Amino acid sequence: MSILIKLSTTLRDLVPGYDPETGLLVTPKEEESSLTAGELARRIGIPHEEIKIVMVNGRQSGLESPVRDGDRVAYFPAVGGG
Amino acid sequence: MFRFLRVNMATKSCVFEDIPEEYAGLGGRALTSTIVAREVNPICTPLGPHNKLVFAPGLLGATNSPNSNRISVGCKSPLTEGIKESNSGGQPGGHLAKLGIMAIIVEDMATEGEWWQLEISKDSAKLVPSTVAGLNNFDAVAKLVEQYGKDCSYVTIGRAGEFKLTAASIAFTDRELRPQRHAGRGGVGAVMGSKGLKAIIINPEGGKNHALVDEEGFKAASKRFAKALTSHPVTGKGLAEYGTAVLVNILHEAGGLPTRNFTCGQFEHHEAVSGERMNQLTKERGGEGAVAHGCMSGCIIRCSGIFPDENGKFKSKWPEYETLWCFGPHSNIDDLDLICTFDHMCDDIGVDTIDVGVAVGVAMAGGGIPLGDGKAVMEAMKGISEGTPLGRIIGCGTATTGRVFGVRRVPCVKGQSLPAYDPRAVKGVGVTYATTPMGADHTAGYAVTANILNCGGYVDPLKKEGQIELSRNLQIATASVDSVGLCLFTAFAILDIPDALAAIVDMLNAKYGWKLTGDDVVTLGQRILSTEIDFNRRAGITEAADHLPDFFSDEPVAPHNTTFDITPEELQTTFNWIKK
Ligand code: SF4
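Each protein sequence line maps, in turn, to chains A and B. Residue numbers for the first sequence follow our numbering, beginning at 9 and rising by one. Residue numbers for the second sequence follow our numbering, beginning at 5 and rising by one.
Just so you know, the hints here were simulated from the structure itself, not pulled from any lab data. The reader is advised that the hints may include incorrect statements.
DSS-like, lysine-lysine: derived pairs with alpha carbons at most 30 Å apart [claimed, not checked]:
| hint | chain 1 | residue 1 | chain 2 | residue 2 |
| --- | --- | --- | --- | --- |
| 1 | B | Lys231 | B | Lys241 |
| 2 | B | Lys468 | B | Lys583 |
| 3 | B | Lys287 | A | Lys60 |
| 4 | B | Lys467 | A | Lys60 |
| 5 | A | Lys60 | B | Lys231 |
To spell it out: a stretch of chain B is covered by chain A in this simulated footprint if at least three of its residues, at any positions, have a beta carbon under 8 Å from a beta carbon of chain A; those stretches are [stated by the list, open to error]:
| hint | stretch |
| --- | --- |
| 6 | 248-258 |
| 7 | 441-451 |
Restraint ranges, calculated between C-beta atoms of paired labels, are given here [unchecked claim]:
| hint | chain 1 | residue 1 | chain 2 | residue 2 | range |
| --- | --- | --- | --- | --- | --- |
| 8 | A | Leu33 | B | Asn213 | 53 to 59 Å |
| 9 | B | Glu314 | A | Leu12 | 30 to 36 Å |
| 10 | A | Asp21 | B | Gly291 | 22 to 28 Å |
| 11 | B | Thr49 | A | Asp21 | 51 to 57 Å |
| 12 | A | Gly53 | B | Gly316 | 30 to 36 Å |
| 13 | B | Pro53 | A | Glu58 | 30 to 36 Å |
| 14 | A | Leu12 | B | Gly291 | 35 to 41 Å |
| 15 | B | Glu314 | A | Glu58 | 32 to 38 Å |
| 16 | A | Leu12 | B | Glu559 | 25 to 31 Å |
| 17 | B | Phe318 | A | Thr30 | 28 to 34 Å |
If you're wondering where the values come from, they're calculated on a predicted model, not measured in any experiment. Just so it is clear, CB atoms sit at the ideal spot from N, CA and C, and this is done for glycine as well.
Excised from the complex, chain A in its bound form (with noise of 0.2 Å):
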């Protein structure tokens, strides 16, 4: 089991090799049940300013939102268009 994390425009430059079409995917370990959206963030090198919104499973979540194994997690710098 994994967590896939989606990222977005300018966050996308940040994970070398980070493929859109099918996200990233990351197995926490053992001792990481507790993670938090904030700590994965950290994990795969995106600094928390650069992040405006995370949604877990399509539900706006803060940082400090835990996740789990079989979680979609993504996030995104601020956007806005109409």
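Chain A is fixed; fit chain B with the ligand onto it per the hints.
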């Protein structure tokens, strides 16, 4: 110096007149809606002689304020049968403002079958027989440029407008003389066509920026406003890099990207039609493509990139998110090049990308076009210009198409199609769709900001709590922004940086010698909405029309499996300052 230009298509008289007292201090949407409400009989036939077509730049037009040269178009809409304001970028707004023309009011109709063009310069205006009748926008403008030169700006309708199709748009040329900025919504192009007016040519020679009561004060305030725009990550960088198309992936992620005519909230091929992909292809292909392109003078946000084809040749402007969505996920198409071709065809033929793109997906739902069949869509789109039966049907928009093909899910409010946010997963914008006097329109109160983008606070998009208040406040603010002549995308900075609104108020005061406060901006917004709603009531559109089609409350949408559960009674509390 400020004046109106009144044009009568029957008598061909073109008269400059002083601005009547009751219109003093109004611009943009405030002006078009007030003129339409006062001068147009609400029960008139929209494509008949009693309707009027009004063009008005905003209050900060022809100044050095950033992003303030938009133009509003107003009339009674043949699509919604209610009042309409549709606004656009491009050069004509700034040019008219520089000539001191605060409104053009086009009245009555030419003899059926005759086409005229209106020549406007500093001290004269006249109607002459059109030299470009029968042409679509790009050919028409190319020919007009040969005739009138590169310094003018141009307002045209394509063949859809000539056919008076109810999704026809009015095109405004951008800085490179491409007719690809449009007043798209509500069939304003059909009204222009019904008048027999094919084109307007604006020669800005001798025009100048407006005098300012307090020059230094204006300069300082304008600097502060520019600083707010450049320092906000969305208006300073994001929109320039990715266009509005950046929304594809985030709406997919949030489950609010309506797919296959609103039967699902996610599209499996979202990445292929995303802003990220558009940015990447534009850079890889190079040539005439461009990232960060402004559609009008004074724009510092620059969201309107240019998309090149495989050989680097111009293919289209960057399609807006809504266009990508309706010809893409909504129609089950994942070919970005093809969608850009459709975008360009809409610009050329002169139709609203939203109402026509949504019509395409609705026709698919009804068996009129095979699902996801790009070739068949291409034929149907050509048919708009050729006047084929299918072309005329989709050119009349979503409501007509749904009726013709017997479709259960017709995503419209007051006859106008819903844009690209599923109201079951982005409930705040659902309130706006249901209640705005314009018919379903995201720009009328863009609650996606607080629902999805974490801009201007946060309101959970899946819950009903807080959505009505959110939509109300945004609808009020938007009516004011549309009157000032500002591009709505400035709102990202306005919502997050308090000094941005203060700077706008200071610019208005410094230009006109007024003493407005932030509260007056709210009052102005409310007044505009009250005027528009009152017109609709007199046209026979009651509050009973303020609701979404029932499939949104009947059918939960994946992935969140929510319905639109805000009741009609609750929706009727949106405009709570209006007495019943
Ligand atoms: S931000 Fe985009 S739509 Fe607005 S004026 Fe600039 S280019 Fe035009």
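Results of checking the hints against the structure:
no., hint, result
1, Lys231(B) with Lys241(B), "holds, 13 Å"
2, Lys468(B) with Lys583(B), "holds, 24 Å"
3, Lys287(B) with Lys60(A), "holds, 26 Å"
4, Lys467(B) with Lys60(A), "holds, 21 Å"
5, Lys60(A) with Lys231(B), "holds, 21 Å"
6, 248-258, "holds (count 8)"
7, 441-451, "holds (count 3)"
8, Leu33(A) with Asn213(B): 53 to 59 Å, "holds, 57 Å"
9, Glu314(B) with Leu12(A): 30 to 36 Å, "holds, 32 Å"
10, Asp21(A) with Gly291(B): 22 to 28 Å, "holds, 23 Å"
11, Thr49(B) with Asp21(A): 51 to 57 Å, "holds, 56 Å"
12, Gly53(A) with Gly316(B): 30 to 36 Å, "holds, 34 Å"
13, Pro53(B) with Glu58(A): 30 to 36 Å, "violated, 58 Å"
14, Leu12(A) with Gly291(B): 35 to 41 Å, "holds, 36 Å"
15, Glu314(B) with Glu58(A): 32 to 38 Å, "holds, 33 Å"
16, Leu12(A) with Glu559(B): 25 to 31 Å, "holds, 28 Å"
17, Phe318(B) with Thr30(A): 28 to 34 Å, "holds, 33 Å"
Hint 13 from the earlier list is the only one contradicted by this structure; the remaining hints agree with it.
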